[in-house]
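**Q** Chains as they are written, first to last, in the working numbering: chain A, 1 to 340; chain B, 1001 to 1330.
One or more of the hints may lead you astray.
One-sided and incomplete, this derived list gives chain A residues near chain B with beta-carbon spacing under 10 Å [to be verified]:
| id | residue |
| --- | --- |
| 1 | P48 |
| 2 | E50 |
| 3 | E231 |
| 4 | L261 |
| 5 | P263 |
| 6 | I265 |
| 7 | R335 |
Not everything, but these chain B residues come out facing chain A in the computed CB check (under 8 Å) [to be verified]:
| id | residue |
| --- | --- |
| 8 | L1054 |
| 9 | L1057 |
| 10 | S1092 |
| 11 | S1101 |
| 12 | Q1120 |
| 13 | G1121 |
| 14 | C1218 |
| 15 | D1222 |
Rather than coming from a laboratory, the hints here were simulated on the basis of the structure. For every residue, glycine included, the Cβ atom is placed at its ideal position computed from N, Cα and C.
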Amino acid sequence: MGKYVLKRLVYIVIVFFVISFLMYALYNLIPTDPARAQLEPMRQQLKPEEYIRMYKQLRKEMGLDDHLVIRYARWMGIIKGLKGKFDGLLQGNFGYSQTFKKPVVQQISEPMKNTIFINIFATIAALGITLPLGVYCAVHKGKKFDTTVQTMSILGYSLPIFIISLIFMYFFVVRWGIFPLMGSKTPNATYEPGSWEAFVDKVYHIALPVIVMTFASLGGMTRYVRSSMIEALGTDYIRTARAKGLREKVVIYSHAWRNALLPIITSILAWFLGIFGGSVIIENTFSLNGMGKLYWTGLNTLDFELVLAIQMFYTVVSLIGSLLIDLSYGIVDPRVRVNK
Amino acid sequence: MSLLEVRDLNTFFRTKHGIVKAVNGVSYTVEAGKTLGIVGESGSGKTVSAMSILQLLDTNGFIESGSIKFDGRELTTLTRREMYEIRGNDISVIFQEPMTSLNPVFTVERQVSEPFMVHQGLSKREAALRVLDMLRDVRIPNPEVVTKQYPHQLSGGMRQRVMIAMALACRPRILIADEPSTALDVTIQAQILKLMNDLQEEKGTSIMFITHDLGVVCQMADDVAVMYCGQVVEMAPARTIFGKPQFSHPYTEGLLFSIPRLDTPSDVRLEAIPGAVPHPLKLPDGCKFAPRCKYATERCKVEEPELVEVQPGQGVRCFYPDLKERRKDG
Chain A
1 MGKYVLKRLV YIVIVFFVIS FLMYALYNLI PTDPARAQLE PMRQQLKPEE YIRMYKQLRK
61 EMGLDDHLVI RYARWMGIIK GLKGKFDGLL QGNFGYSQTF KKPVVQQISE PMKNTIFINI
121 FATIAALGIT LPLGVYCAVH KGKKFDTTVQ TMSILGYSLP IFIISLIFMY FFVVRWGIFP
181 LMGSKTPNAT YEPGSWEAFV DKVYHIALPV IVMTFASLGG MTRYVRSSMI EALGTDYIRT
241 ARAKGLREKV VIYSHAWRNA LLPIITSILA WFLGIFGGSV IIENTFSLNG MGKLYWTGLN
301 TLDFELVLAI QMFYTVVSLI GSLLIDLSYG IVDPRVRVNK
Chain B
1001 MSLLEVRDLN TFFRTKHGIV KAVNGVSYTV EAGKTLGIVG ESGSGKTVSA MSILQLLDTN
1061 GFIESGSIKF DGRELTTLTR REMYEIRGND ISVIFQEPMT SLNPVFTVER QVSEPFMVHQ
1121 GLSKREAALR VLDMLRDVRI PNPEVVTKQY PHQLSGGMRQ RVMIAMALAC RPRILIADEP
1181 STALDVTIQA QILKLMNDLQ EEKGTSIMFI THDLGVVCQM ADDVAVMYCG QVVEMAPART
1241 IFGKPQFSHP YTEGLLFSIP RLDTPSDVRL EAIPGAVPHP LKLPDGCKFA PRCKYATERC
1301 KVEEPELVEV QPGQGVRCFY PDLKERRKDG
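I would like the entire structure built from these sequences, with the hints used as guidance.
**A** Below, the structure written as structure tokens:
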């Protein structure tokens, strides 16, 4: 097991560097020029020759003329930066946002908290509903309840998330007035930041987005849980378990469930990342101050370092996710644990 | 009184295309301490009839009518709860596929100890000790190691031994062995069959041995039931069938002709039964075997024969049970 974990960790590190390099190279293709952006306000006061000289000097100072690999290494913090010390991603410096005129780290911290908060809520809620629902449907396959859930779930996963958002907004906000329409907090609120009231207000504001995200992920996940449970229940060893005289409850929740869990765990990762992807749309629809919305703004303003930092955030989330999945797989499946 | 008595059992399956009569009026008995061999091709209803005994049918299967008496007790009318007490305790099963019949995520110890815990109320630790005894009984080397292992670490023969250990855990009165050696190598097959014979002698368990292999039946069984299309076509002591019988069903005759024997002259070609088993939804009207039978007459195609006792202990479902007469006429 120790060797297995170590191997996974090494993989993750390699993948992190490969992805980050690809991302860096790709975003470099965006035709932006930080040097020009910085000089733009002074352009009127300078003569053309002076402007060009300053521009060239600035490019050199910012290291823009260096080779891609060197710039990458500098940005990552593997080699010494322009100021003569290691100052990159690995040291916690995510770069400078040209749009917001402040370090990316400052700009990113609040949205990151919000996004993680929303996604964890949505994940817990969705798992809490889909796992029991899927198992129940599998055990009562073909009964009326199962058919109803199957029909509903097709509806759930074939509707795009922004349509679901609009429908829910219409009912919960416009018709019934239960939740606020958008935003992350009440405007002009007088409570102290970090107080209990602030927390309650936040939960009140993210409730509807979380409900929408949960609802949107119900369909696919329920179907997946149901089908892997049905598959597990149809196997020979389930027949063996019944032939031993085990109670049906033990057969279902111990023998079948442990096996149905294997494919489910794998799919949870893809689905969890899907939620993060979905939150780009949700945060924009509900105008929440989250990573997805910031990402969108960054892309629209060609804010190279900001977008790259957010991209790396998504990368790290998915890498940690897949590491957790691999580890839990090792715990659940003895074949993985012993062989590798 | 027989230990297990199956009478006129009808087990059907509801399918999209109609009712499939998988088992159609089957009767047989298992005597205490004896082995009944049930022979037939795939789809002849041998497994379904055995699963009917334990009510382990798929959800679309049901026992339409008939009686299954175990030790004088009617099984078909038992509640689910009462059935739990029978399964794995009085009657247990070994399945065909040792590769897939054990749960891949549980250790051998956990799987073999379950019957002890469920039926005898033993604690985990007590059960673990009994598991070791059981593994020794089925001649597994290093039981202390094997008990902590997972199925994928064991060979096919070892897994089947684990299955047998599990099935015999609570000293069942009847062991249903559903093709227990079919998926194994011939050498391992011989070992497993010998093990079952030995254990039967030690523990006096009755065995219901389901197989399509006549050689295995000959080695294992005291009595034989030959099944075809959900019916028993012949029921006789093994000695009668494998000796030089006076009476025989044409299907049994065909089966025996299709396997080589040590005394078969080398210039005699083995004979295969022509045709295939009819589709369960399109069974012929008269005798189910008539379309493939070389002795079939007009009568066979319209009228269905009953299982008739041709001599004490032997029943044949054919209008022409006498071998010599049939061959002369045909």
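**Q** Against this structure, judge whether each hint is valid.
**A** Hints, one by one, checked against the model:
1. For the restraint placing P48 (chain A) at the interface with chain B, the shortest Cβ-Cβ distance is roughly 74 Å, beyond the 10 Å limit, so the hint is violated.
2. Contact between E50 (chain A) and chain B, as hinted, is not supported at the beta carbon level, the nearest pair being about 74 Å apart and thus beyond 10 Å.
3. Restraint check, E231 (chain A) versus chain B: the minimum CB separation of about 12 Å is more than 10 Å; hint violated.
4. Taking 10 Å as the C-beta cut-off, the interface hint given for L261 (chain A) holds, the closest approach to chain B being about 9 Å.
5. The beta carbon of P263 (chain A) is not positioned within 10 Å of any beta carbon in chain B (closest approach about 13 Å), and the interface hint is therefore violated.
6. Residue-level restraint check for I265 (chain A) is violated (minimum Cβ-Cβ distance to chain B is 12 Å; threshold 10 Å).
7. For R335 (chain A), the shortest C-beta to C-beta distance to chain B is roughly 5 Å, which falls under 10 Å, so the interface hint holds.
8. Look at L1054 (chain B): its Cβ gets to within about 6 Å of chain A, closer than 8 Å, so that hint holds up.
9. Taken as an interface hint, L1057 (chain B) does not check out: its beta carbon lies about 10 Å from the nearest beta carbon of chain A, beyond 8 Å.
10. At about 6 Å, the closest approach between the beta carbon of S1092 (chain B) and any beta carbon in chain A falls short of 8 Å, and the interface hint on this residue holds.
11. For S1101 (chain B), the suggested interface contact is upheld, since its CB lies about 5 Å from the closest CB of chain A, less than 8 Å.
12. Interface hint at Q1120 (chain B): violated, since its Cβ lies 11 Å from the closest Cβ of chain A, which is beyond the 8 Å cut-off.
13. For the restraint placing G1121 (chain B) at the interface with chain A, the shortest Cβ-Cβ distance is roughly 13 Å, beyond the 8 Å limit, so the hint is violated.
14. Residue-level restraint check for C1218 (chain B) is violated (minimum Cβ-Cβ distance to chain A is 27 Å; threshold 8 Å).
15. Of the supplied interface hints, the one on D1222 (chain B) is violated, with its beta-carbon coming no nearer than about 24 Å to a beta-carbon of chain A, more than 8 Å.
The structure fails to meet hints 1, 2, 3, 5, 6, 9, 12, 13, 14, 15 from the earlier list, while all remaining hints are met.
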